[in-house]
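Using the sequences plus the hints, can you model the full thing?
If you're matching them up, the sequences are chains Y and B in order.
The opening residue of the first sequence carries number 1 in my numbering; numbering runs sequentially from there.
The opening residue of the second sequence carries number 1 in my numbering; numbering runs sequentially from there.
Among the hints, a few may not be true.
[To be verified] Below 30 Å or equal to it, Euclidean Cα-Cα: the simulated BS3-like pairs (lysine-lysine) are:
| hint | chain 1 | residue 1 | chain 2 | residue 2 |
| --- | --- | --- | --- | --- |
| 1 | B | 29 | Y | 227 |
| 2 | B | 175 | B | 29 |
| 3 | Y | 14 | B | 175 |
| 4 | Y | 223 | B | 175 |
These are calculated hints, taken from the structure and not from any lab test.
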Amino acid sequence: MPAVRTVEAMMLGKLDWSAVPFDQPIPLIAGAIVLVAILGVLVWVVAKGHLPYLWHEWITSVDHKRIGVMYILLASVMLLRGGSDAIMMRIQQAVAYQSQGYLPPEHYNQIFSAHGTIMIFFVAMPFVIGLMNLVVPLQLGVRDVAFPTLNSVGFWLTATGALLVNISLVVGEFARTGWLAFPPLSELSYSPGVGVDYYAWSLQISGVGTLVAGINLVTTVLKLRTKGMNYLRMPMFCWTTLASNLLIVAAFPILTATLAMLLLDRYLGFHFFTNEAGGNVMMFMNLIWAWGHPEVYILVLPAFGIFSEVVSTFSHKALFGYRSMVLATMAICVISFMVWLHHFFTMGAGPDVNAIFGIASMIIAVPTGVKIYNWLFTMYGGRIRFATPMLWAVGFMVTFIVGGLTGVLLAVPPADFMLHNSMFLVAHFHNVIIGGVLFGAFAGFEYWFPKAFGFRLDERWGKAAFWFTILGFFITFVPLYVAGMLGMTRRMQHYDVASWRPWMIVAAVGMAVLTIGVVCQIVQLVVSIRNREALRDRTGDPWDGRSLEWATSSPPPVFNFAFNPDVRGEDAYWDMKVHAQQQSLQRDGPEYQDIEMPRNSPTGFVCAFFATIMGFALIWHIWWMVILGGLGAFATFVVFAWRDHDEYVIPAEEVAAIDGINLEERRSLVSMAGTV
Amino acid sequence: MAMTATVGHAHADPHHIGLVIEHPGPAPKRIVTAYGFWVFLLSDIVMFSCFFAAYAVLSGQTAGGPNGSEIFEQRNVAIETVCLLLSSFTCGMASIAADMRNRFWFYLGMAVTCVLGLIFLAIEFREFADLVARGYGPSRSAFLTAFFSLVGCHGLHVSAGVLWLLTMMAQVFAKGFRADVLRRMMCFALFWHALDIIWVGVFSVVYLLGSGA
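Following this line, the structure appears as structure tokens:
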């Protein structure tokens, strides 16, 4: 019945029941469990009557702190997903010696592609963007980011991307092409399924979200600093945020353009990267890595900022070499755009080009080394407290140096010719991304958790999580270095070389230890929430901090600061505390004023709703739904532009009441300190 | 946690620069909005630069199909360019009218800008349709792929600009010259002028260089 088929094709595009992998139990069961969990949570939320609270206080919130928390929540959930992929891969390679293991090749290929995509785009990115959102306005002493509603749009678009990736688990398939979908493999002739489309559209949509976040934070840092917050008085985390977001603004459009080209090839028969009609595959490599290498620094620079804050606070000293740190940060920001070719030395660009990019890649290690020494000298002579955030920072220094050195090794083109695409490379980038970005994210999580929620995290479980994670990390990845040296290439579904086997087994054991570390962190969260009264932070300054985020209560009021702080030097809050000992914290009975704050807006959520519809429809070629989604998005834009009141006023009395409580706590603290 | 600040006031000016110009505090909303939009435009130009780069790489790859000099019609391109450059002028007039709160000149300036934009789009659409009809669509060769994408990307931006323009006129009609409407108008004007600058690039790199080859 051809007529029926045409109608079906019009209504549903490529979508039919064969899209659901009934023959593959693993994704189906995993998908079912997730679906049941989500439905369960939804039913619980509705039944308990939490829906209005969730809608008004979180989903439509344009408060940078709430959005930051939601970003981190998204990242944490996706970390579990990406981590499950990692566990499956480690087990597969431990058992698939001279056998097929338990994962068929097409499934294994999807897993390593999804693992990379998720860990970079939906774990590392939202985690650091979440922390920047949460902390930077507080550190700058301002009430919100430059564009609060756009901020919400950015978050929800990122969530849309994550949702699409997860939908691919049960409806259709994910890419089997690796996390960067290199053509010609990713072209229609070699990947005819919807996997690459899921990949590309989810990244396009979340990429828009990331760009929005980048523009927002650049503008916030450059234009919204409080009075007296000169550039060279900004906390280090603000500097690295600036550098990282400048990189987002400069690099993410390249990703957007590159994926657009790939999509044009796939959807409309264009010839950017095809083998036929003059397409150029290596152009994809150049373009994708012109984004991809800065991306590495987009992730790790904020982590450097976090470590700077943590090391300085827990060493009880100002950061050593603040200005050299600023210089190093901005140097990395610039040089990160000049090393992309080291990702494909084997392309055959010739010895001169390879030498130049090899040298540039080694040069970028210099400012990074400057940073390491600055942290070490900050610790030198300090009164160090080994609280959990500080453990992560020290663990980072050790781990990251190892990863950095193997990176310098790979920057030597002849060595790279041997190690390209080997397990050595896999070990190297996990060494820097886990040791740098993830440890940084965890340090930031432990450090700023009390600021976000008003109580500290349990130290014992936190320390256990740290030790299991760092131990598990080394047990997992040192064997991968060795396997790479023994010639094992990456992404192998099975292998026949006996000498690799023991290392794969050790790596699997390491993965188990790493998993215990993750479990410890979940337990830590549960235990801390249970004991929150004992762990309560009443002063807003649980770590004896140095920058302005500690000058307000924990959690901060919606307006962050009752008065715009007046900054007189580096380490603004430390300065205030020092002065306060002589002057009592504030003048008596400060004159509070009305505060204008941006109103909540469902724009972000509605945008994401239409983006999800549009993305899904594009993946499955359901054209009427694409048009519907597009019209919906435009309508949302117009309705948003039509609103008359985008701000509301918090009256002075309310500000006074909120601020008074915190002020009392702080005063009592200062008077106590004064008597010591 | 007890506060044990003992270091004293050493860190207020640790580098002893002496004269420090105090940052005056957050910028006004108008500045913040325009600044953010500038940053967006820069990112948009980075995206265009990728399509320019792709065009530069692929422009020789005609795969037996036509090259630029065989398909570009300079007369059409000249009319397109005049339309777009003129529209930048009328857009500027509309911006001034908005600043002067003069509705008549604002509507007139925007309307002319819109018409010029539509003429530009119509000519471009005809050029594309004509090429496709002759069998020189974007799938014919990598050169045509890059050509259609670069010029088409600009055309899509102009289309979005026309939609935005109409929305701005409706906003002024419904809301008057409110502060937020004026801020958006400023962003729109920046956007429209930026498209002009990109067109100058497209005109030079694609049509001028291509016709000569």
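**Message:** Holds or violated: residue 175 of chain B and residue 29 of chain B, Cα atoms, limit 30 Å.
**Reply:** 19 Å, holds
**Distance restraint between residue 29 of chain B and residue 227 of chain Y, which requires alpha-carbon spacing of 30 Å or less** = At roughly 16 Å apart (the allowed maximum being 30 Å), residue 227 of chain Y and residue 29 of chain B satisfy the hint.
**Item:** Given pair status - residue 175 of chain B, residue 14 of chain Y, alpha carbons within 30 Å
**Value:** Violated: residue 14 of chain Y and residue 175 of chain B sit about 45 Å apart, past 30 Å.
**Asked** Between residue 223 of chain Y and residue 175 of chain B, is the straight-line Cα distance small enough, at 30 Å or below?
**Response** 28 Å, holds
Violated hint for the displayed structure: number 3, the only one.
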